[in-house]
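Asker: Each chain is listed here by its residues.
2 protein chains.
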Amino acid sequence: MATAIPSTPEQLLLELFVIFVTTKLLGEIFERLNLPAVPGEILAGIVLGPYALDWIPATDTLRSVAQIGAIFVLFSAGLETSPRDLIRVSRKALLLSVLGVVAPFVLGFAYMRLRGDTTVEAVFVAAAMVATSIGITARVLADMKILSTRTARIILGAAVFDDVLGMLVLAVVAGLATGEHVHWLHLGVLTGEAEGFALFMMFVAPHIVRQLRPQMEQLSTHNAVLVVALAILLLLSWLAAKIGMAAIVGAFFAGLMFADYAPRWNLIPRVSGLTSFLAPFFFFDIGSRFDTRLVKGSFLTMAIVISLLAILSKVIGCGLPLLREGWPMVLKVGIGMTPRGEVALIVALVGLQSGILGEAAYGIIVLMTVVTTLLAPPILRYLFRCEMREHRDESVPEPVQL
Amino acid sequence: MATAIPSTPEQLLLELFVIFVTTKLLGEIFERLNLPAVPGEILAGIVLGPYALDWIPATDTLRSVAQIGAIFVLFSAGLETSPRDLIRVSRKALLLSVLGVVAPFVLGFAYMRLRGDTTVEAVFVAAAMVATSIGITARVLADMKILSTRTARIILGAAVFDDVLGMLVLAVVAGLATGEHVHWLHLGVLTGEAEGFALFMMFVAPHIVRQLRPQMEQLSTHNAVLVVALAILLLLSWLAAKIGMAAIVGAFFAGLMFADYAPRWNLIPRVSGLTSFLAPFFFFDIGSRFDTRLVKGSFLTMAIVISLLAILSKVIGCGLPLLREGWPMVLKVGIGMTPRGEVALIVALVGLQSGILGEAAYGIIVLMTVVTTLLAPPILRYLFRCEMREHRDESVPEPVQL
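Those protein sequence lines, which keep their order, are chains A and B. In this text, residue positions in the first sequence follow our numbering: the first is 1, and each later residue adds one. In this text, residue positions in the second sequence follow our numbering: the first is 403, and each later residue adds one.
Since the hints were derived computationally from the structure, they do not count as laboratory data. Some hints here could point you the wrong way.
[Unchecked claim] Computed list of lysine to any residue pairs in SDA-like fashion (alpha-carbon distance at most 20 Å, straight line):
no.	chain 1	residue 1	chain 2	residue 2
1	A	K296	A	I379
2	B	K644	A	I379
3	B	K644	A	Q11
4	B	K547	A	S220
5	B	K644	A	K296
6	A	K145	A	F299
7	B	K698	B	R517
8	B	K547	B	L437
9	B	K644	A	S220
10	A	K242	A	K296
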């Protein structure tokens, strides 16, 4: 897709306004319909983007704002993922999250290869199927007021760890995007790098933050801790891009680094202001790259198969190990882990930008994200209908522990 | 100044990081030296910009981020200017602020015309001398813990109203930037438009916000009130640019519209996160456009004369009416009103971008802003040395009322 000429300041403001308002409006409409907001926000991009109404041109500036938005989406996700909780996560949740990453990757890769796609393209589509988006499941469970049930805790524990695994897969896959073929040595080096980075950020970085705390709190700058956190966010995002992982991998771990101190420094409301403003431009950008002309025949078949595999693979990977506790448990945990989100979208974007994914494969990943995100909440509400009724009777708010 | 080719995502992240860190670092150093941060932030732009070290190219994207930063700087300023306080401001403060706007405009305009500059250029330089930056004076007075003295209240009352007048002048001047000559009819229409806009935003808009409050608080969107405020910010900024006023005039009044409800909706921390992140790019951009090669001979003379006139005119306009209360009072209020800030810088930017101001006149306004901002705090500390001593003895914190 060609980049249009730069817009004037006045045009830019109008574009920002139109994108921001339509995105938030469709998000609001989706939420009123008891659906997650993200598919609505993507829809805004599809409708106004160059493939449909073509109201908003694809300028460099809007793309850059979208990119900064993606960084803040992942920074916020990291800020809400406490390393302490990660370390405390039960062995069961850990096992489920690993199997829940392996199963979709293997199924997705096998299907794509059987269809005759290249190895790299198959790797990208498979990688996009890996990471559960914890936000949507957590929201649904919270709305049903059943966050404190054991099942909910297993799901959230697995989903939190799953985010970290998803980041690892993304880091490795983004590194692959530089070459045309998969070199196994290269893959090994990338995996090692990514794991080292993740372990450092989870176990060492929070201690550095704790050590620096007194100095940071003495700075004269207004909002000093936020400023330091933002500087580290930009540094790690650049560094991650520089060493060949995606920028958002750095952004996620920058958030993780500050997660344990976020409440003390009141970081969440300040960062949530930034994310509220910038995230819509990211989701709009994702939608605007979706080629609506592709939606027919074999594309739809593939999109449906990939979406079904995305659901099935989480039920197999995360649910089946719990078979001893009965089928309802298998389905609850499996469907709870089903929604894909920002990580899948960014894998798709990295693939599209590096030329590895065609517009069809990109579109399939976006549709898979939308389908899993939209299907999971109503199914979850159905599966948890008994717990909801119970909790409505003896509802005592309880602190959530993973 | 030519626009460089668009940077890659990786380059952009590196540029954002370098700009953010150097700007905040120089700001911090200035604050540790008991100086305001803004001149330090501008200095970062001068040093790394194309005229000195040339580390950071002038890309469209960075310029756009700077423009969004300017909008948030003025939105924050508006959010902290309660219309209720404006209406309550004493008649004395009102008179001082009007005279304090007229005096620098007349002196600045006369000097530029006498030097032989064109009328439009003279109008721009004069307009840049008009608006006091309340932030710096308020900070100095707060640091000295004398915000509750009568003198401080007069200064702050006049400075708050002065912001609104500065916006009016900017709106009119930005409208003039479209034509080459000053047409008096055009000027009249612009002034009427700007006054109508200001009165509407001060007296009608807050009531609309109050009316919409119940609906806004019922929205499902996360951070709903912030989202509505940001949408209105973008809309008014675009509208102000569209009808020929500067975008930031709209941004300021969008802030004003929500000022009375900002504490209730906890808007300040959320917006301050956005401003903390985006403002540095604005101040950096201002510095990066400063042509260091100009700093010699006649340029310096003019910059010094304009800076002296900027100080003198506030002492005359805001101080002299208080002569009955003695010379110390004249100087305290006059120097308290001296610092110029973001409004002056934006007048300079609008002038430079529209081609009305040459790089010399632009540089003179930037230097005038830096000089007045740096000189005021130490002089104020000297003038208020007695009050500081008194207050240290019988210091009881008292609520500030304007």
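Asker: Against this structure, judge whether each hint is valid.
Answerer: Against the structure, the hints come out as follows:
Our distance criterion of 20 Å between C-alpha atoms is broken by K296 (chain A) and I379 (chain A), whose separation comes to about 27 Å. At most 20 Å may separate the alpha-carbon atoms for a hinted pair to count; K644 (chain B) and I379 (chain A) exceed this at roughly 48 Å. Proposed proximity of K644 (chain B) and Q11 (chain A) is supported: the alpha carbons are some 9 Å apart, at most 20 Å. Among the hinted pairs, K547 (chain B) with S220 (chain A) is consistent with the structure: their alpha-carbon atoms are about 17 Å apart, no more than 20 Å.
Pair hint K644 (chain B) plus K296 (chain A) does not hold up; C-alpha atoms about 42 Å apart against a cutoff of 20 Å. The straight-line distance between the Cα atoms of K145 (chain A) and F299 (chain A) is roughly 39 Å, outside the 20 Å bound, and the hint therefore fails. Pair hint K698 (chain B) plus R517 (chain B) holds up; C-alpha atoms about 18 Å apart against a cutoff of 20 Å. The straight-line distance between the Cα atoms of K547 (chain B) and L437 (chain B) is roughly 17 Å, inside the 20 Å bound, and the hint therefore holds.
For a cut-off of 20 Å, the pair hint linking K644 (chain B) to S220 (chain A) is broken: about 39 Å separates their Cα positions. For the suggested pair K242 (chain A) and K296 (chain A), the alpha carbons sit about 38 Å apart, so the restraint of at most 20 Å is broken.
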